[in-house]
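Q: Now for the letters of each chain:
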Amino acid sequence: MSLALIVALPFVGALLPGLMIRFGRNASALAAGSVTALALLALLFHAPAVLRGEVVQTRVDWVPTLGLNASFFLDGLGLLFAGLILGMGLLIILYARFYLSKADPMGQFYTYLLLFQGAMVGIVMSDNILLLLIFWELTSLSSFLLIGYWKHLPEGRQGARMALAVTGGGGLAMIAGMLILGQIAGSYDLTVILENKALIQSSNLYLPALILILLGAFTKSAQFPFHFWLPHAMAAPTPVSAYLHSATMVKAGLFLLARLWPVLAGTPEWFWIVATTGLVTMVMAAKIALFKDDLKALLAYSTVSHLGLITMLLGFGTKAAATVAVFHIINHATFKAALFMVAGIVDHAAHTRDLKRLGGLRTLMPVTFTIALLAALSMAGIPPLNGFLSKELMLEEAAQTVWLTPWAMGLMATLGALISVAYSLRFLAHGFLGPVRDDYPSRPHDPGFGLWAAPALLAILVVVIGLVPMLCAVWLVDAAASAVTGQAVSAEIGHWHGLGASALWMSLAAIGGGLALLGIHPRLMAMWNAAPRPDAKRIFDGIIEPLATSARALTEALHNGSLTRAIAIATLTIVAAGVWAFAGGAHLPGTRALLPVHVVPVFAWAVLTVATVATALLHRDRIVALILTGVVGLVIAIAFAYFSAPDLALTQITVEVVTILLMLLALNFLPKTTPVESTTPRRLRDAAIAGIAGTGIGALVYQLMTREPAFEPISVFHLAQSKPGAGGTNAVNTIIVDFRGYDTYGEIIVLGIAALVIFALSEALLKSPTVAARLRAIGPGTNDAGDRHPMMLAIGTRVLLPMVMMAGVYIYLRGHNLPGGGFVAGLVFAIAYLIQYIASGYVWSDRRQRYDHHVLIGWGVLIASLSGAGAWVMGLPFLTSGYGYVTLWPLETFELATAAIFDLGVFLCVLGAVLLSLASLSRMAQRGGERANPTAYDIDPHKEAR
Amino acid sequence: MSHWIIAPVVLPALMAALMVIALRRNLFLQRVASVASILALNAIAIALFWSATTHGPEAYFLGNWPAPFGIILVLDRLSALMVLLLTTLALPVLLYAAGSGWDAKGAHFHPLLQFLLMGIAGAFLTGDAFNLFVFFEVLLIASYGLMIHGGGRDRTRAGIQYIAFNLVGSSLFLIALATVYSVTGTLNMADLAQKLPLLPQGDTALIRTAAILLILVFAIKGALVPLQFWLPGTYANAPGAIAAMFAVMTKVGAYATIRFGTLIFPTTLPATGTMIADLILPAALITLIVGAIGILGATTLPRLVAFAAIASMGTAFTAIAGFTPQSTSAALYYILHSTLATAALFLIADLVTRRRTDASLTAQPPIAGSGLIAALFMAGAVAIAGMPPLSGFIGKLLILQATRDQAPLIWTTILMASFLMILGLARAGSVLFWKSHATAGTPAPHPTEPLAIAATCALLAALAALTVFAGPVTHWLDATAAGLYDPAPYIASTQLYEDR
Amino acid sequence: MELLVAAAVGLMTAVGIYLVLRQRTFPVILGLTFLSYAVNIFIFAAGRLAVNMPPIIKDGASYTDPLPQALVLTAIVISFGMTAVIVIMSLGAYLEAGNDKVDETAP
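Protein chains in written order, with our numbering: chain Z, 880 to 1825; chain R, -13 to 486; chain B, 189 to 295.
No lab work stands behind these hints, which were simulated from the structure alone.
Accuracy of the hints is not assured; some may be wrong.
To be clear about the criterion: a stretch of chain B counts as covered by chain Z if any three or more of its residues have a C-beta under 8 angstroms from a C-beta of chain Z, and this derived list gives those stretches [stated by the list, open to error]: (1) 196 to 208; (2) 264 to 277.
Result set (DSS-like, lysine-lysine): computed pairs, CA atoms no more than 25 angstroms apart in a straight line [claimed, not checked]: (3) Z:K1416 to Z:K1171; (4) Z:K981 to R:K421; (5) Z:K1235 to Z:K1416; (6) B:K289 to Z:K1551; (7) Z:K1030 to Z:K981; (8) Z:K1602 to B:K289; (9) Z:K1171 to Z:K1076; (10) Z:K1076 to Z:K1166; (11) Z:K1646 to B:K246; (12) Z:K1030 to R:K421; (13) Z:K1030 to Z:K1076; (14) R:K91 to Z:K1646; (15) Z:K1416 to Z:K1030; (16) R:K421 to Z:K1416; (17) Z:K1166 to Z:K1416.
Glycine is no exception: its CB is placed at the ideal position from the N, C-alpha and C atoms.
Construct all of the structure, not just a fragment, from the sequences and the given hints.
A: Next comes the structure, spelled out in structure tokens:
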């Protein structure tokens, strides 16, 4: 089976346990187990070839531009790890089936486990470092789920988050490292990279790449100073700990060191960083392990210590040391997994993992004890068990390595070994030996076969490998070590290297010293407890929590929901950027002749200036401010007229009227004054900002007015084509409805939407009880003048209505050739209605609207769209007006229509928009309690009442 | 000349008008019409996509006037891609809105949604600078209506802020366009691309100013720091389905920046040179950091997603600022990814929020359907944080590779930001879905809303597809990006006018 | 003349910005109105000023640039729609919240 399939199998299979759980826990476990078994079989199917020294490869292109390909390869190292992962996985699945309680969702557990397993297999088989990165981060994610499996335990949640933060963070660093590595080697394919040792080590990017990659490896393998996450991951169910911390997760880092050993190792940087880190980790973690009473904590730190040991060996950079490292990876996996399972069994049986509360389990749990004995002695490095073999070789390598001084390394290694003897024996002595107690939280007893089968099998491996390594392990070691070092390896693993071997004496020293250490342990423990020491978790939280709180504080301070500040910042940014851009380019002042200044315009200008400034000063009295705004608007209309823009003047004035009236109606409900809120400094600040912006815009427009365009404006074409092309003498109007009719199309859509929005909003408001209450509180429009609806006004407007409408029709019809058009006409019609509202009140007028304004808008949009689409009939583009060309006579009439029809759409949209907005306001007024007047005009009912 | 180019604009308008006239009072029929319209739009988008891929750029001369005198639409690979992205996003969002009942919470949801689609599609397709403004306004005013859909105190006030801020932006847009016209005498984008290289030396300062003002307008849409303040309040207060739809609106800013930065103000234009990149890059990196910090510091789930949106824009603009074919291609891939991912996360946030008493990131009893929604959240979080196996990771790698020249600065920022995001999302998820199991109380009953869930899954599935087919996608995008830096065919297509 | 117009545009922009920076919706709306006044004249003036040259085609007449006028028309209409919406929305916000502050009191 293809390697890709072996990797894919766990991922695909991950769904099964979740589904099978409805058929019971056995079904679920069986599903998970068989998926794993299948993958393992497929792997073993490749084993012979690999052991022969061949490399199995499959390649699927995925993202070629990125250099990311789904290519896998299997060599000795990959085989070793994949075997460990899948084999151990099988045992864990068996163990977990009997470990998890009925309350635990087992389907979920196995799903997570398989996801994790797949990610691990992916890592060890990837032939593409980007692909490897993907699986790498996937292990972080899936282990996050596994560690946090017991959602209700705070330790579980925090442990999971810590593990994700540390390993995930390391993974991010590794992304950078791998990208650099790939760029040096010119490919992201491992098989290519592994060929380019010289190229990589000579590159000046070697050190950054090395450091970034090591960050990833060390965080994963819990090397000092990133070791602290591992013990906290122990909050996970024991099967998870056994899996993650014996054979898989933490070994991923070691795998990476071994995988890249051929290209990264051998340099002084490598030696000093890797070997030193490993050594420090080994000794430091061993020391901590010695003082842990929680079985799992003890094992956790011992794991860190042994990982340090292996890291150190890889750090030596010699073929022999790498071989030993590979061998110890196997041994550590066997005894450590067994010990974790034992810890779980004890926990199950005695309901505690605390060494202080245990002891004497030897007689109560003979089977468990036997397993624990073998595994622990192997961890201590007692002959003839497998742990002894690799530790002996390790000590030999250490003795021959020069680090600072010729003897320092050997000494430190021996110290590490010594302590590990001590804590291993303590695990046994304080856990199993000694008298049977009568104060266990629960009476311990051996578990059923299901629970001890897996550790027992591992214990057997420990013994067998220990007794006949050359028979049952060395071939694997050779294959793997050859893959790591890239040279043929044939290891010689034996129990006896003669009296000359320094390792012998170092071992003896370690064992003797370890026993002594165990002897004086109680006193050391007292000292340890007395001595102050940094708690990694507190340091970690000490970093993360402030980070989170300051992030919250910063975010809240930055995005405090203040619009005024946001706009102030935006304004300054815009001006600054504009000035910066302007300053960066060459500028010649314009040469255009300026217009002469006449008295009347200056007077108008003065009025505008005064009104504008006055608005700013008096804006608190809203009615006054509104009137002043209206004045400004009117002056602008006059200005448009003066500067040869009659269309603009007309539009401006009508829009002005409608806008002001709308705002007046709205002001009915709003407070009539604005309270003094901002301090004087704030007002000065705002004035300054406003001044800066004003100056900038004024200067810019002046520069534009006083120069000629660099190229002939496109409007020359519009003027030329207005009559012959678009059939209208009013160039502005032909542009609006023809040359740029599409803009107008969008523009009336905007109006239509505006009306719909207003309607929807008022609907929502009227539904809200609070709004209704406030409206009633505000009550009907206040009556400052005597009559609410003066008779004269009412009658006048009634007479006006048809006349204004006539005017509207006229403006609409002449639009194409003279100032006017559908938009203005629509507004004029709207005004005709508006004044009815003012004269006789919302309700009276609203009652006399017999149709829904939605229809107006809808038809407006529809007509405009269809008139535009009409051109399709003749194969012409959207919005082609009938005047586009002159052909047969019968078509002429039809063509005449199009532009006008489009303008009709505009007209309807505008009218509908204004009226719908009015209707919305009037509905609020009704809610506000305004009574419908019996007549169009009235004497104030309140007065009558008096 | 294919009339289909205008269809993404006209069809929604017609549908909306129809709904307003005839289906006002019948929500069911509105839903049917809405779905039908968006399905049709999807079909059209695919057809346009195909045509742009096989035939290259094509112009549509509105009113049958030659460019640059009339307004034209231009269909090229980029605009086709963006329209396709829009319609792809619209369908799940619409289904979610119907499935969650959001569209029943107020009047005119469906017509406004149609108008929004019309506006965005128009903005993507237009080849005229001023017309771009018009369609910005169309999409904006539609978005105002949708944003305050359903009303409510906070939402309405947030709506006012949103409008006010964007009205300032629109004024800026008009000032910039007026400057452009005043200096060059044209508004047609292709015409500008041809004329600007010939611009007299004495006008460069003014055209630079116009260029920067335009970019700032797009930066407002794209929520670039320090113009991002409008986004958190708006997106967090908008109805969930609408917030998801808004995920594509920030991309309009990104699109316009790419279009103007490659067609009109390329780095090869002496007048502007690398000015735009110089402005965008620092802003983008800060935006990314601000967004990431926001994710870690957010107080409510919708705000968290809003900051995720900001961070994603920071990442996208970081790539855009590169202004090389490679970085633009990476940016486009990331835009596709982040649009769908952000939208999905907004929907998930809405699923969660509506099942809880409030949106705050505090432990509450497990919500109804906790398991499934937690899984969805995990997927969405993985996507938005750019973790494998979803497309975000590939997008991140593409961007890192495209920016290797400035690796120390950009890589550090992007990776640090990812770290903060992972922290923030892990905290949020653990509080929302794990700690809840340690919190007393039983989940309040809530309808399962299969349609809403399915719509959310559809978006995540789209992300998965984007990952699996990353190879062909990036291949296509590389060609698209290359085309952007060789605008000759685009410009030529605008001159293929023959009068009838 | 141009100087006067430029000054007017600058002044209206300044007042517009100043009012937009107030804390109540109504002055903000007035401010936006002033901004749109300023912008409309900006666009118009960007097409250069001319007296007695309306773009109505006659024989032998010279014309001012009609295009900016058309753009201003579009701008006026759009800002009219926007103003209408924000007016009603401010009304709504006031009725919902009981005050017409623009800034969120507590995020």
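Q: What are the numbers of the hints the structure violates, in ascending order?
A: Those not satisfied are hints 8, 9, 10, 11 and 13.
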